[in-house]
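With the hints as constraints, model all of the structure from the sequences given.
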Amino acid sequence: MFYDAARKIELPAEKRGLGLVFQSYALWPHRSVFDNVAYGLKLRGTPTAEIKARVDKTLAQIGLGALAERYPHQLSGGQQQRVAIARALVYEPPVILLDEPLSNLDAKLREEARAWLRTLIVTLGLSAIHVTHDQVEAMAIADKIVLLDAGTVAQEGKPTALYNEPATLFAAEFMGSNNRLDGTLLEISGANATMQVFGERITGLPRSKAAVGSKAVGIIRLEHVRCASVPGPNRLKMELKAPMYLGERWELAFAREHLTVRAYAAAPLAPGEHYVEFPPEALWVF
Amino acid sequence: MPIIVYRLLVLGITTLAVVAPLSLVVYQSFLTAPFFDHSARLSISAYSFVFAEDDFWQALWTTAAIAGGMAAIAVPLGALLAFLMVRTDVPGRQYLEPLILIPIFVSAVVIAFGYVVAIGPVGIFSTLAKDVLGFVPWNVYSLFSLIAIAGLTHVPHVYLYSAAALRGLSTDMEEAARVSGANPLQVALNVSLPMIMPAILFAGVLVFFLGFELFGLPLVLGDPQDVLVLSTYLFKLTNKLGVPSYQLMAVVVVVIIAITAPLVFMQRQLLRQAQRFVSVRGKGLKTQALRLGPWRWVAFGTIVFWLFITVVVPLTGITLRSFVVSWGEGVDLLDVLTLDHYRELLDYPNVVRGITNTLGIGVIGGAISVVCYTAIALAVHRWNSGWTRLVDYMVMVPRAMPGLVAGLALLWVFLFVPFLSPLRSTMFSIWLAYSIVWLAYGMRLVSGTLLQVAPELEEAARVSGANDLRVKRDVTVPLIKYGMLASWLLVFLIFVREYSTGIYLLGPGTEVIGSLLVSLWGTGAIDLVSALSVVNVVMIGVGLAVAVRLGVRLHG
Chain A
1 MFYDAARKIE
11 LPAEKRGLGL
21 VFQSYALWPH
31 RSVFDNVAYG
41 LKLRGTPTAE
51 IKARVDKTLA
61 QIGLGALAER
71 YPHQLSGGQQ
81 QRVAIARALV
91 YEPPVILLDE
101 PLSNLDAKLR
111 EEARAWLRTL
121 IVTLGLSAIH
131 VTHDQVEAMA
141 IADKIVLLDA
151 GTVAQEGKPT
161 ALYNEPATLF
171 AAEFMGSNNR
181 LDGTLLEISG
191 ANATMQVFGE
201 RITGLPRSKA
211 AVGSKAVGII
221 RLEHVRCASV
231 PGPNRLKMEL
241 KAPMYLGERW
251 ELAFAREHLT
261 VRAYAAAPLA
271 PGEHYVEFPP
281 EALWVF
Chain B
1 MPIIVYRLLV
11 LGITTLAVVA
21 PLSLVVYQSF
31 LTAPFFDHSA
41 RLSISAYSFV
51 FAEDDFWQAL
61 WTTAAIAGGM
71 AAIAVPLGAL
81 LAFLMVRTDV
91 PGRQYLEPLI
101 LIPIFVSAVV
111 IAFGYVVAIG
121 PVGIFSTLAK
131 DVLGFVPWNV
141 YSLFSLIAIA
151 GLTHVPHVYL
161 YSAAALRGLS
171 TDMEEAARVS
181 GANPLQVALN
191 VSLPMIMPAI
201 LFAGVLVFFL
211 GFELFGLPLV
221 LGDPQDVLVL
231 STYLFKLTNK
241 LGVPSYQLMA
251 VVVVVIIAIT
261 APLVFMQRQL
271 LRQAQRFVSV
281 RGKGLKTQAL
291 RLGPWRWVAF
301 GTIVFWLFIT
311 VVVPLTGITL
321 RSFVVSWGEG
331 VDLLDVLTLD
341 HYRELLDYPN
351 VVRGITNTLG
361 IGVIGGAISV
371 VCYTAIALAV
381 HRWNSGWTRL
391 VDYMVMVPRA
401 MPGLVAGLAL
411 LWVFLFVPFL
421 SPLRSTMFSI
431 WLAYSIVWLA
441 YGMRLVSGTL
451 LQVAPELEEA
461 ARVSGANDLR
471 VKRDVTVPLI
481 KYGMLASWLL
491 VFLIFVREYS
501 TGIYLLGPGT
511 EVIGSLLVSL
521 WGTGAIDLVS
531 ALSVVNVVMI
541 GVGLAVAVRL
551 GVRLHG
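Residue numbers (this note's numbering), protein chains in the order written: chain A, 1 to 286; chain B, 1 to 556.
Don't read these hints as lab results, they were simulated from the structure. The model shown is predicted, which means the values in this text are computed figures rather than measured ones. A virtual CB, placed ideally from N, CA and C, is assigned to each residue, including glycine. All the pointers check out, no bait thrown in.
Cβ-Cβ distance ranges computed for the label pairs, FRET-style:
#: 1; chain 1: A; residue 1: Lys52; chain 2: B; residue 2: Tyr95; range: 52 to 58 Å
#: 2; chain 1: B; residue 1: Ser43; chain 2: A; residue 2: His30; range: 57 to 63 Å
#: 3; chain 1: B; residue 1: Leu469; chain 2: A; residue 2: Lys52; range: 24 to 30 Å
#: 4; chain 1: A; residue 1: Tyr71; chain 2: B; residue 2: Ala182; range: 46 to 52 Å
#: 5; chain 1: B; residue 1: Ala182; chain 2: A; residue 2: Glu173; range: 48 to 54 Å
Next up, the structure:
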């Protein structure tokens, strides 16, 4: 146990034996790459020859073997980040903590670094805790995601479980891009929950034990919304407002009174009235 | 050694060094005789005696008048100067900047001597004026001249804080005023200066406070007319009754501190407020200088004129005087040129010792002081505890003690504490006094450097397994190395120019140029005084040149 506010436990940082990669990398500017990485071993009284061997090995693993003599300011942002990781790995801590390690990199580099980091964690068999606000990054890199809401665990599980089976409204809204339907719960029968929106019956998967007659929230991912030209079950009549071209597809924004629904489509639709369908197997009712 | 031991040790030593002299002074003020006199009893008779003295009240009011007067002169001029230098296209700004700061770095006694030999009754500029006009249109020995000179030489203090505040403010608001049609003067008066009001207010209180610390100027310029201020009154008291009248001096010291301490506290509050204002900082956009048009030459002329009065007149006066046998009406300066005054310096062993001691205290003493200031700053650095407030206040205490007062208090400490007595006549006593007097200044320099160390650099070391002390040794100290070097240079400049702190500690072995100048001036040895003054100015000039060359910021 390192820290427990309730039990007043706080082990000093130097006694925890963890590896930590800072958001800003926090490389010591007055030390070379080699000395930055070697510091943790030096503090542990490792013999010089062994320090040399282990630092060289770690630097080679992260692909910076040739840059050991450089100083941090002579490295690119991506290289600095690798040094920070090497520094956290070199004394083989049981766990390394990565505090938003990719947030300082620009968008393109970030995707490369993400793939590189995932590969490194898998090939070296590391136990790593990766803190991030970016859900795509979390899903790409993690074996297991712990979603925190104001300091408490909202849901934990595999990335696919979090994305496809959110347990709470917070988890459902946090992951992915969503539409939100506000309505009243009409009935729950077996695997179906029916809510009333604009007088229509919209059916989805029940996700909470709300009482019939109370307010309900339907959540559906953008990619599951479909557009139709005629009325039908689970469809709402809405007006198309603004089609936006995103490159690989179009995003359509529909509106009806205060409700806005966004959907993806392969081709733009004509402006005017359309029917927006919410497939029952993709709509969660909370 | 656990970090807490180190912290408490440093805290204890600092508190002792600061509180001991102060409490000894307060204790002495309530005695009937010097503390080493066995007949001394507790009493308030010293207070009754001093408060019954007309001279004392006269000195107190004169001091207040001078302090108020110099603030009234320095504040508007300094603020205007800052606006011209920071925001407008006055020609040659980058060359003017270091010149403007000279009065801060040159010892006030040297400036005072300079004025006496330049525009005194037989000064070189006075004789020139007499040749041309037939009479001398000024009298340097008057309260008015004293206030004017004190005011003009303190313009840089106001300039520094106002300029720093202006640099921290985004120019957007000024540009908005210009777009609305305001001319440069209106921009300055309606937008820029009101926005840096907290900084100007702080500088005003600072200058008023420095008025109570004035010693060199009133000693040299006020004394011949019997114009006494509190510090010179204290200095004169030394021999008032024929016996050491320590209790009376202690009372004057207590009075001085009772006035300066609230001013120091007020400055602290105002500085916080001013800094809060500065945080309205724009992005580091390139600022467009305000075009003054032909008026920029008027502004340039005004700045040069002010520089001429406050820097050129006293410094050329003292320099010329050091190279001539004498001057007066009808004397051709070329006929009387000589180097004798400098040779003469070497004939006096105490003067030679004074010069080497001054260099020693500046170079070696300055280095040790910076190490001590760093030790204190490191002790409170990232210490999450109420004790750091104690250090804050401890550092403020000596600030309220003018150099003369602190030197006196330290002298008494050395007399009072038996095992310290042998150190009194060594340079250690001077070093300790200087270090205590400049504690606040030095701490500000070092803490400023420490603030720039990003906390995660230290946290990274702790996560790697280093304990607190190890983090300081391996990460913090190496990172502030250059800041410490810069502080060393600035502390050197301060220590070399210092004159009032060493006066009471002056004795064989503890001579420094500053206190020697004061004591030589008393004997009327003007030849020696001018040559020694020039030596002092040259030392400071070299230090300043090195500082400018290395790009050291001249203000903490």
